[in-house]
Amino acid sequence: MTDVARRRGTIRQGEAASGWLFTAPVLALLALFLVIPILMALWVSFSDWGGRGSPFAAGVHFVGLKNYETITRGGGLAEQNFGQSLRNNLWYVILVVPIQTTIALVLASLVNSQRLKGRGFFRTAFYFPSVTSSVAITVLWLFLFNTTGAVNKVLSWVGIHGPNWFNEPQGVLHAILGAFGATNGPGALVNHGFLGVSWWDWLAGPSWAMSALILLAVFTTSGTFMLLFLAALQNLSGDLQEAAMVDGANAWERFTRITLPQLRPTLFTVVTLGLIGCWQVFDQVYVATDGGPDGTTLTPAFLSYQASFINQDWGQGAAIAFILFVIIVVFTLIQRWVLRERAVSKRRRLNPVPAKVAGLPVGEVER
Amino acid sequence: MRPRRWTTGRMAAQSTLYAVLVVLALVYIFPFLIQIATTFKTDPDAAANPLSLVPNPFSLAAINKLFTNSDFPLWFLNSAIVTVFVTIGRVLFDSLAGYALARLHFRGRNIIFAGLVAVMAVPNVVLLIPKFLVLNQLSIYDSYVGLIVPLMTDAAGVFIMKGFFESIPVAVEEAARIDGAGTFRLFWSVVLPMAQPALVTIVILSFQGSWNEFSHFVVAAQNPALTTLTKGVATLASGSLGSGTQYPLKLAAAMIMTIPVAVMFFIFQKRIMNQSEGAVKE
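First to last, the protein sequences are chains V and Z. Residue 1 is where the first sequence starts when you use our numbering, and the numbers rise one by one after that. Residue 368 is where the second sequence starts when you use our numbering, and the numbers rise one by one after that.
Okay, chain V solo, but in the shape it has when bound (with noise of 0.2 Å):
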């Protein structure tokens, strides 16, 4: 073995030690934090553990799908709750999700162009909302949606008495029905329905309070958003543009057909995010409603942390908090599923070509 050979192979062992050092204090703390955590909520959501002492003590008892039973069809508050938690938040991502993404990649549009003067200017006015603590703008929220509030002159400028927004528990779309005279809905859909839920009250829509959390959503995500597509944006080639526009191609053509299709992978990452982020609303429904009115701010998340931390129920908050992992995961698959098959046959049959420079790293950026 030569001096350098052996100099090189004594550093390659060393590499191994200052490895596992480096990446000791990180993998320690997301251990310690994450997955020990999981791992006992896990027990907990199996268990009769009542918050005091260790949940591996003594008198804490196993006691199989019990939680999940409760919150699921035990006919009582419990699984009441839950079925409306879960119809509020379903409301809140099918209202969201595509809002916020359409909103971010106009932004993104409007904003990209290099000859756009103040384009500075406006992406920071965009982008400013996303910058400030939830806490902070779900105040902002209530002053600006309370009942004399700033929302409501607006709207009375054009004729339209505001709702009383946050104490307002009637869905939007029973609104609607009850402008036409429809206050009560057919007999099969209100004596039917879904974990304690009617049919009936699962279309209500999502309520007046919901709503104005729903424009905060919105409001404080599309920034965000639109930094994302942005960055795809700039990330295109010009070819085919000019290549479409010498064709013949008008703008909303060559926006539909060129462009969209290349930010598709930026589009899967924004939509993905989105959905995460909308199933986990926490912190408005915290500040802003603590569930009301008459629950229809609930969300799993809340409902979770209510279970646990005020009724002391732990096993079904931490049930209720893996049934809301579960729905991620399955939302996140059935995404990437959709979207994905449906924007590949689309393209092949629009233009061939694209499908290569789809496959630019846009993805990147997620980081």
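These aren't lab readings, by the way, just hints derived from the structure by calculation. Everything hinted at is true.
From chain V, some residues computed to sit far from chain Z (all C-beta separations above 12 Å):
id	residue
1	Leu177
2	Gly185
3	Glu253
Partial list, computed: chain V residues near chain Z (C-beta under 7 Å):
id	residue
4	Ala41
5	Gly149
6	Val287
Even for Gly, the Cβ is constructed at its ideal location relative to N, Cα and C.
Dock chain Z against the given chain V, drawing on the hints supplied.
Using the frame of chain V, we list chain Z on its own:
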């Protein structure tokens, strides 16, 4: 004829674009202007003229009350303490781990990397109960340690550092290594100083993240002496300081807690706005 029609059409399109942008920018900025104005209003003025940007009369009562008649200064101090320690921790731990994953060859590196990816996928709210359980078991519930240490590392920061270290040419380290520098020495005095741009990113992200953190503080402590700004302002929002709506007071609290992140944002604005673009272009 054709070129001229093209230009008038173009000008119309341009002015429409600017009009749309200005209206949109107003929608995004106006709430904050209202917030600032309301801070200096009296309670009746805030209730009667929620849209007005001119306080009438101008009043410092809300801010006075916040600083002399509430725990607001204590909350501010707690947030500052937490943010400083969390940021130091993240800069150190994330860069150490990022360097190891990018440069050091050792068995288990790929497993660690896969583990980090998996960890990032766990939703934060699922962790509320688990965190409380562990803090309780470790007897650090209701302590600064419990507020700070769990936030001291984040997988995303490790990835940012890893990506940056991979972009530095290996030759730099080889030279120092031949001069006999040990691995830590190499990391500390050669590589880390070069990583300044990535470190700034980590500082921005962890400052913003820990200053604005809320749910962790809700489950990690209940002692009023350990209340941070987010938690304190949340209790203010539910009307803990006397009767009435007190919107000027609440909005003043919310505005002042926004100032540090806003200052940070405007100092590093270029970097923040170009961060994601730069990640690909450079």
